[in-house]
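A.B. asks: Chain residues, written in single-letter form:
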Amino acid sequence: MLEEVCIEVNGQRQTDMVEPRLLLVHYIREERRLTGTHIGCDTGHCGACTVWLNGDAVKSCTILAVQAHRMSVTTVEGLASDGITPVQESFQQHHGLQCGFCTPGILMTVHAFLHANPHPSREDILRILKGHLCRCTGYQSIVESVENGLSR
Amino acid sequence: MIPASFSYVRVSSALEAAVCLADHTEGSAALLAGGNTLLPMMKLRVIRPRVLVDIGCVKELSYIIFDGDWVKIGSLTRLHEIENSPLVRSRLPLLAEAAANVGDIQVRNRATLGGALATGDAASDLCAVVLALEGVLVAQDQVRARQVSAGSFFEDERGTLLEPAEIIREICFRPHDDEVWSFERFQLQSRSQPIVGVAIQNSANRVAVALSCMGTTPLRAKRCESAFQDGASAAESAHLIVHDVSPADDFNASASYRLHLARSMLQRLLPTHRTGSAKT
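Chains as they are written, first to last, in our numbering: chain A, 1 to 152; chain B, 153 to 432.
Bear in mind the hints are in silico, worked out from the structure with no lab data behind them.
Note that this is a predicted model, so its numbers are computed, not measured.
In this text, a Cβ means the ideal position worked out from N, Cα and C, and glycines have one as well.
Computed from the model, here is a short list of chain A residues facing chain B with C-beta under 10 angstroms:
1) Ile39
2) Thr50
3) Val66
4) Gln67
5) Arg127
6) Ile128
7) Leu129
Working from the sequences, and respecting the hints, build out all of it.
C.D. replies: Laid out in structure tokens, this is it:
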């Protein structure tokens, strides 16, 4: 039996009828056609699907769309209202990505953290990357991209 | 990746949840709180509940208060709130530390204390810490509420003492403001579970030693505790855990490795608990 959900994504509200078992990540990608949020694993470990749910960074593959009813979701497409953020620009300039598959998830966690902690230490940055797996960079350039994005 | 089909009910109170559970035969309905344990298992189709009762919006069970005697935490309080709560950090620092070390930020934004306890998972550091703090759980069904000490709550085989139609309401702790505590886990970064976790809490003139991953349930090393309190050395006391534990031989580590590791960690951590000196 289908359930009605009304979810605000990047400021846009929409009502849909969905199966209860529809994962939020599939809702975002397929119902809302926002494909910046990625699926990198089957087990909830990689973090590529990270979005904000009412401002909190969460793994959208481990949330059902029905759980987000009447809530606000922000995806990587909604990080900057115009252009890209200083941290996103820093990722471009400091090789914070290669294939880019893990990057949207990392950007969501980093930006959420920076809202409350605008001056993280290197240890803080490493700690918040715990929920993210990257197969390309070895993480060093990701940390540097975040650090360099702070001083902009 | 995709769970088997199920019916979905969203409830807004603990009583509604208990009524839903009672309406369904044992095992066919599951409570959905944070979902970090339930949903991955459903996505792998290891479990297939027919009904999911979503308690994520039950606001009445999300709180952290101190009533003068007890710190009371609602079962649906998220771990990131517990980790960052000034009240928990000052009165139950061991709990704040354990909460801060669960999973990652995304997990802690969803996971709840009650959800962690309801799993009764031997690998759960939170369960071990609630044991060391001698927490008291309050569980309710649609008729009445009851109190269960953490020590009795984690039972073998069935998992926990929670009845099929019960929901955990809150967990209560005596505060431990200035008392010595230790929390340490040994975990390979590449694995999602620790190999051994150790939680030690002083209170008055007693020491509680709780271990994760050292049996089929989270457990207290009672013989180690009483020997240490009676004056045995840290090494002697640590050696005695062999009587309290039955660690698994599994993919992550052998039983003998776990035993050796737990003894080493206790030998190193226990001495600070003798003098009652400030926690470093």
